[in-house]
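> Full structure from sequences and hints, please.
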Amino acid sequence: MIPERLYNGIIWLGLIAFGLLAYFIDEPYWLTLATRAMIFAIAGLGLNLVLGYGGMISFGHAAFFGIGGYAVGILATHAQTYDPIFAGFITLTGTQFMPYTWAIAVIAGGIGAALIGAISLRTQGAYFIMITLAFGQMFYYFAISWPAYGGEDGMSIYLRGGFPGANTLRPFDFFWVTFGVLTAVILLIRTLNASPFGLSLNAVRQTPERVETVGISPFRLRMTAFIISGMITALAGALFADLNKYVSPSMFSWTISGEIMIFVILGGVARLMGPVVGAIVFVTLEELLGGVSDHWHLYLGILLLLIVLFAKGGITGALTRKTQVQHG
Amino acid sequence: MAEPVLSVRNISKSFGAIHASKNVTLDVQPGEIHALIGPNGAGKSTLIKQIAGGMKPDTGSVHFLGQDVTALNTVQRARLGLGRSFQVSAVIPDFTVVENITLALHGREQSALQKLTNAFSKQSLIAEAKNHATRTKLNTRLNIRASALAHGERRRLEIAMALALKPKVFLLDEPMAGLGNEGAAELTTLLSDLKREAPILLVEHDMDAVFALADRISVLVYGEVIATGTTQEIRSNKAVKAAYLGEEDFA
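Chains as they are written, first to last, in my numbering: chain D, 20 to 347; chain C, 0 to 250.
There may be inaccurate statements among the hints.
Said to hold, decoys possible - Simulated crosslink set (DSSO-like; lysine-lysine; CA at most 27 Å straight-line): (1) 165(C) <-> 48(C); (2) 165(C) <-> 136(C); (3) 165(C) <-> 55(C); (4) 129(C) <-> 165(C); (5) 341(D) <-> 114(C); (6) 331(D) <-> 341(D); (7) 129(C) <-> 341(D); (8) 121(C) <-> 341(D); (9) 114(C) <-> 136(C).
Simulated from the structure, these hints should not be mistaken for lab results.
For clarity, every value in this text was computed on a predicted model and none was experimentally measured.
Now the structure itself:
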């Protein structure tokens with residue numbers, strides 16, 4: 020058992036070390052794998068805000084992952100064909116400049132979350148799970164039946180988006196770009212959780228009627244968390260599209276929602292680095308066991324079962340002791 | 000009489016054939032403790048909910064500081080200055096005493112959706128939280144989680160959180176519930192001190208406490224206020240005696 024802050028630092032530095040190691044022993048595939056894990060980690064960090072801190076079990080986060088992916092895919096398609104997205108009183112063209120595509124993905128994810136949240140946050144418990152799942156599936160079927168952007172086949176992105184000062188086509192560069200985003204998201208979650216907003220969100224998970232009585236609206240708290248969460252997961256979807264250079268309706272499928280949830284539960288619900296650890300373990304198992312057996316999900320399932328039964332707080336909970344802060 | 004801080008006017012509420020509130024009218028004057036008593040099932044909890052905002056009356060209205068608040072929800076009424084405590088302690092179990100009180104302070108300051116600073120970085124806020132803990136005799140338990148507190152301590156934390164809101168009126172729902180004699184006596188002292196800050200509507204089962212504290216008492220039976228008056232008037236009221244017949248040592 021080590022203090023959680025030390026553990027967090029080790030994970031973060033471990034990613035840096037891994038990136039450098041893979042580079043020096045010339046294993047670009049390792050870098051791509053690690054990049055994949057970090058992108059999943061970002062999606063999981065987004066979900067953890069609502070599921071872990073806010074206590075809202077969203078089974079529809081694939082919607083935001085897909086929205087982010089499609090934002091990048093659509094912008095790239097138009098950039099590649101020089102066909103403007105909208106031509107009228109103003110002309111909107113496609114772009115493959117990552118800061119722009121990220122911004123648009125994040126805004127689209129936020130709008131999507133506001134719409135889904137406005138309806139689903141009026142329900143609780145099992146109903147909330149089902150309604151978020153239903154929204155995810157709605158997006159999935161919509162993407163399948165949208166011929167303008169590939170329908171069932173999805174869209175290919177021929178060239179990965181660009182980032183100033185980096186050649187994103189090199190796995191090493193894309194690794195660091197993703198690492199930078201991951202770090203920013205971790206810091207954002209940490210700041211949010213330590214703020215009065217985070218305090219109230221953690222309170223609303225436990226005793227919403229008390230939060231109401233001190234004059235804070237539980238609905239507004241949940242809604243704010245849900246929108247920020249959707250934005251973060253959409254950003255992960257945007258990176259995922261550029262990583263694979265391909266976007267398809269499967270990004271919206273409920274299995275993605277389930278996988279994002281697995282990252283969180285495996286690594287540790289409501290623990291800062293939980294989703295990061297969960298995503299790393301998931302991708303490692305997928306790689307190691309996936310090569311041995313097509314049925315690797317069986318082993319993942321057993322691991323998940325053990326964690327849920329014996330390690331409250333996931334892997335992070337099993338390895339760390341929570342830092343009890345003394346206020347005064 | 001002065002303008003009442005809180006007034007409930009002709010409130011009725013039914014659930015099917017059950018009339019939980021029947022034309023209830025009562026008010027809380029500045030500086031007083033107005034106790035609401037009544038046998039089990041008299042409709043005290045339903046009335047409290049309608050005053051706090053968790054339930055809308057079928058007819059009638061609730062006025063707070065001269066404003067009709069019948070249409071407002073719990074959050075809006077809390078912001079206007081209604082400081083409520085719960086019958087069954089509803090503190091945040093995983094939070095420590097300081098964290099619980101600080102949450103209430105952030106509620107009062109409306110900083111939950113506005114500031115991205117650390118929730119515990121403002122020294123004056125933490126000092127105030129400790130101050131409220133001291134008043135409720137929780138100053139030695141500052142960093143203990145609410146779930147690990149003794150029952151009586153959790154009751155006092157409820158009061159501390161209501162206190163932190165600097166309310167215009169306290170709405171205390173059976174604060175003595177489950178306390179022993181000693182605990183109840185301690186809380187009685189605290190409440191008599193509290194009324195100097197804001198008037199109190201005290202819903203209470205503990206008759207000793209009610210008769211020791213209350214300036215006025217209203218008696219609720221089957222959803223109806225059968226009497227309102229001073230302690231003396233209530234003691235000698237025949238209807239009240241009849242309603243409480245069988246319940247030992249009334250008055």
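> Need the status of pair residue 129(C), residue 165(C): alpha-carbon distance at most 27 Å?
holds, 15 Å
> Compare the distance between the alpha carbons of residue 331(D) and residue 341(D) with 27 Å, and conclude whether the hinted pair is satisfied.
Distance ~12 Å between residue 331(D) and residue 341(D) Cα, so the pair holds.
> Are residue 341(D) and residue 114(C) close enough, with their CA atoms no more than 27 Å apart?
With Cα atoms ~25 Å apart, residue 341(D) and residue 114(C) stay inside 27 Å; holds.
> Hint check: residue 114(C) vs residue 136(C), CA-CA at most 27 Å. Holds or violated?
violated, 30 Å
> Are the Cα atoms of residue 165(C) and residue 136(C) separated by 27 Å or less?
Holds, at about 18 Å.
> Between residue 165(C) and residue 55(C), does the CA-CA distance stay at or below 27 Å?
holds, 25 Å
> With the threshold set at 27 Å, check whether the alpha-carbon distance from residue 165(C) to residue 48(C) stays at or below it.
Judged against 27 Å, a Cα distance of about 20 Å means the pair holds.
> Sort out whether residue 341(D) lies within 27 Å of residue 121(C), counting only the CA atoms.
holds, 23 Å
> Between residue 129(C) and residue 341(D), is the straight-line Cα distance small enough, at 27 Å or below?
holds, 24 Å
The structure fails to meet hint 9 from the earlier list, while all remaining hints are met.
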